[in-house]
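Protein chains: 2
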Amino acid sequence: MPSLLALGAALAAVPALAAPAGGDALSIVTDLTTDIGQRMAGTPREAAARDWAVARLRALGFANVRVETFPIPGWQRGEEKAAITAPVPQKLAVTALGFSGATPPQGINAELVYFPTLEALKAAPDGSLKGKVAFVDHAFIASQDGAGYGIFGQPRRIGPVVAAQKGAAALLIRSAGTGHMRDPHTGYSTQPKGAPLPSGAVSIPDAELIARLAAKGQPLTVSLTLTPKDVGTLTSGNVIADLPGRDPKLAPILLGCHLDSWDLGTGAIDDGAGCAIITAAALQASQSGQLARGIRVLWAGTEETGGFGGAAYAKAHAGEPLGVVIESDSGADRVYASELTFADADKALAEKIAGELARMGITRGHDRAEGGEDVGFIAAQQKTAVIDLRQDATRYFDWHHTSDDTLDKIDPAQLQQNVDAFVAVLKVLGNYTGVIGAVKPE
Amino acid sequence: MPSLLALGAALAAVPALAAPAGGDALSIVTDLTTDIGQRMAGTPREAAARDWAVARLRALGFANVRVETFPIPGWQRGEEKAAITAPVPQKLAVTALGFSGATPPQGINAELVYFPTLEALKAAPDGSLKGKVAFVDHAFIASQDGAGYGIFGQPRRIGPVVAAQKGAAALLIRSAGTGHMRDPHTGYSTQPKGAPLPSGAVSIPDAELIARLAAKGQPLTVSLTLTPKDVGTLTSGNVIADLPGRDPKLAPILLGCHLDSWDLGTGAIDDGAGCAIITAAALQASQSGQLARGIRVLWAGTEETGGFGGAAYAKAHAGEPLGVVIESDSGADRVYASELTFADADKALAEKIAGELARMGITRGHDRAEGGEDVGFIAAQQKTAVIDLRQDATRYFDWHHTSDDTLDKIDPAQLQQNVDAFVAVLKVLGNYTGVIGAVKPE
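Heads up: the sequence lines are chains Y and C, in that order.
Residues in the first sequence are numbered consecutively from 1, following our numbering.
Residues in the second sequence are numbered consecutively from 1, following our numbering.
Note that these hints are calculated values from the structure, not bench results.
A couple of the hints might just be wrong.
As the list claims (entries may be wrong) - Derived pair list, reagent style EDC-like, types lysine to aspartate or glutamate, alpha-carbon separation capped at 16 Å:
hint: 1; chain 1: Y; residue 1: LYS81; chain 2: C; residue 2: GLU79
hint: 2; chain 1: C; residue 1: LYS229; chain 2: C; residue 2: GLU80
hint: 3; chain 1: Y; residue 1: LYS216; chain 2: C; residue 2: ASP35
hint: 4; chain 1: C; residue 1: LYS91; chain 2: C; residue 2: GLU79
hint: 5; chain 1: C; residue 1: LYS352; chain 2: C; residue 2: GLU370
hint: 6; chain 1: C; residue 1: LYS91; chain 2: Y; residue 2: GLU79
hint: 7; chain 1: C; residue 1: LYS81; chain 2: Y; residue 2: GLU356
hint: 8; chain 1: Y; residue 1: LYS427; chain 2: Y; residue 2: GLU356
As the list claims (entries may be wrong) - Example chain Y residues on the side facing chain C (calculated, C-beta under 10 Å, incomplete):
hint: 9; residue: THR34
hint: 10; residue: ALA47
hint: 11; residue: GLU80
hint: 12; residue: ILE84
hint: 13; residue: ARG364
hint: 14; residue: ASP404
From a predicted model like this one, the values you see are computed outputs, not experimental measurements.
No residue lacks a Cβ here, since even glycine has one placed at the ideal position from N, Cα and C.
Only chain Y is shown next, with the shape it has when bound in the complex (with noise of 0.2 Å):
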């Protein structure tokens, strides 16, 4: 056993490999969330959070940072209250879907139609509820893949659409998450053309004490009170960031995420985590020496309020090279399974990929990558090599979209773990200097 002062002078042998003050991923995210917080897209904060990205990427050593804006339409949440009026006076915790249609600024007292799916809130007849609120239930249950979020967000996407082909004067649903905090989860939703549909989440503990009430039989009516607005066009911006390869002739490696958060929280798991890892990987990965292929890192600027920063990267950047692309949007819980979408002749890159990570414990999955909104429209576009790091979202559902997206919710160890499935990837692809070849369509 060799001493320790051995054991010391040997260590003190290794050449420095601190990353860049402020380049981990917890400072990344730590500074975003306190000195920007929310930083929904189109708004002076979401400005504010790109100067901060410009100037945090170029301290870092990124090359080439550099903004793309692009117009989006903007809209405002505003005042949110609603309660249950009879049988029982009930306050509710309420908050507009976004893209929600406003009541009258006095509100609404309307009969609530309880519909536990909305399967049958489809089913009803047209113009059955001409002035009544739709209350749409559903049963959303925490999973690893977080698989529920696909069916019962549903109700959040189309709910409006459907409720307002009944007739409602306005929809209210069971939020599309699995946290049973008093804390209403928005987010995206489709509305009627030009007639958006005042249109509400509810917390979990309320959409059950609804559905408590609705199976006692008697009617139900419900106050509700939401005046966001349509603010017409905004200007957001994609953050684009490099770091060169040694050989420019290599397509690089885009990792993307999202910058724009809600407006509820500060944006600390959705997707300032995201941000914080590629980021931190990309300088990690690095920092034994600059790679073969080069890394971009795409910081979109509107991912929330429909996927316009993913889509106006792929516009801004059709037909350039481009070797493969991942994403982290899904929170700073760990990664458990890998996606590797790439072209056959590519299966022993993605073989050694795998290998890496199956070191670290996570295995693979079937080899269907989604990409996601922002690196997914340039993939689809170019038909790019894809690979998801698939991360745990058993608890990812319990915050999503909620004022409870806070940084508290993000724990360092899972974070960094994150980080260092990214830098066993990015190593494999940043040192292969064959070509990356593009995938089949399915």
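Got chain Y sorted already, so can you dock chain C onto it with the hints?
What follows is chain C alone, placed relative to chain Y:
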């Protein structure tokens, strides 16, 4: 092995022991939180809760179900909002402390001075906070015995008086709680006489944000609007109900809880659960036949805004025979230990109770029972024997006094374990025909 048919016949021969419909703890707390909801002391909702309680207790077979009213000081919550305004705009989730004073309707915007502890605020020179908002932080960590609420509840209990002495325009505190929801904790506060200070609690994620911003050393400003008001004297009331014993000469057992709740949540864990537990246990203990000793349940009318219900009971029932008191007011999680304060002459009785609880895995503490606000006044006055059944408080202060005090926080299995523990105790006490002696003052 007997056939299933034979087993069925054997079961059919057992006398029916089912609790009266609606007499199990989960039904009681479910109906109280669903059909009544918040029931702040002195409000029409507390009156509605009393009517509900009287009807329910009568339906369950209790005798002498009655209300004893008493006057209380009234206070009503108003508008509540707060935000950091410099160096960065950040919304704060805030709620007024009970008996808080009001800001002007348009709010105030003032320098925020950060104090890591109440002791640090106490050390500030008198008058030094003129025109400023004091913020008091602390580090309440959840524990099974909830001990942190003693020390870390102090900023809420006496902070307003200390801050006013220093000249502060308002006080904000880190909520006296442990949960990382964006949900501030209200609670009773002592206020400067005649000049209550605007006093609010911010959620724990917000308190942590303030601490991070304060650590940067830049000046902080905060906007704060709190418009609660003193609403004069109101009427509250205790609901009292009896299960008489076979021998009216035996001094009864008094089981206490409180019916009132804070206005933010629906009073599920504080203290609908307690009323449900004691009531279901009294019924369950009597199911196989009337006990020798009577049981009285006291659903006290005002605990949250001052222990007026327990005090009124002690005054109205001074000198009446009383064998032993037990209260349930720490949520719905499982009982893990007992405290048994009995006269030396009743050592064998205490040991019998401890033995029954040990069979359920419940350990014996240090025989220093405290009683609580609802039964503690009468017990102190009459030197009555006291039993505490200590509930696991690890989660309790996550939700205590917040809008998140809702039914979904109750684990039905743990709730029933509380009932079972009370039943074990009540069976021993209810069948004990000796005199239970007065305890010595400490």
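Quick rundown of the hints versus the structure:
1. For the given pair, LYS81 of chain Y sits about 13 Å from GLU79 of chain C by alpha-carbon distance, which is consistent with the 16 Å threshold.
2. Distance hint between LYS229 of chain C and GLU80 of chain C is fulfilled; the C-alpha atoms sit about 12 Å from each other, no more than 16 Å.
3. Restraint check: the Cα-Cα separation between LYS216 of chain Y and ASP35 of chain C comes to about 10 Å, which is no more than 16 Å; the hinted pair holds.
4. Proximity of LYS91 of chain C to GLU79 of chain C is assessed by CA-CA distance (about 15 Å); at most 16 Å being required, the pair is judged to hold.
5. Distance hint between LYS352 of chain C and GLU370 of chain C is unfulfilled; the C-alpha atoms sit about 20 Å from each other, more than 16 Å.
6. For the given pair, LYS91 of chain C sits about 15 Å from GLU79 of chain Y by alpha-carbon distance, which is consistent with the 16 Å threshold.
7. A distance of roughly 50 Å separates the Cα atoms of LYS81 of chain C and GLU356 of chain Y; the hinted pair therefore is violated under the 16 Å criterion.
8. Proximity of LYS427 of chain Y to GLU356 of chain Y is assessed by CA-CA distance (about 10 Å); at most 16 Å being required, the pair is judged to hold.
9. Evaluation of the THR34 of chain Y hint against chain C yields a held restraint, the C-beta minimum of about 5 Å falling below 10 Å.
10. For the restraint placing ALA47 of chain Y at the interface with chain C, the shortest Cβ-Cβ distance is roughly 13 Å, beyond the 10 Å limit, so the hint is violated.
11. The beta carbon of GLU80 of chain Y comes no nearer than 13 Å to any beta carbon in chain C, farther than 10 Å, and the hint placing it at the interface is violated.
12. Here the hint on ILE84 of chain Y is kept, as its CB sits about 9 Å from the closest CB of chain C, short of 10 Å.
13. Look at ARG364 of chain Y: its Cβ only gets to about 34 Å from chain C, farther than 10 Å, so that hint breaks.
14. At about 5 Å, the closest approach between the beta carbon of ASP404 of chain Y and any beta carbon in chain C falls short of 10 Å, and the interface hint on this residue holds.
Of the hints listed earlier, those the structure fails to meet are numbers 5, 7, 10, 11 and 13, in rising order.
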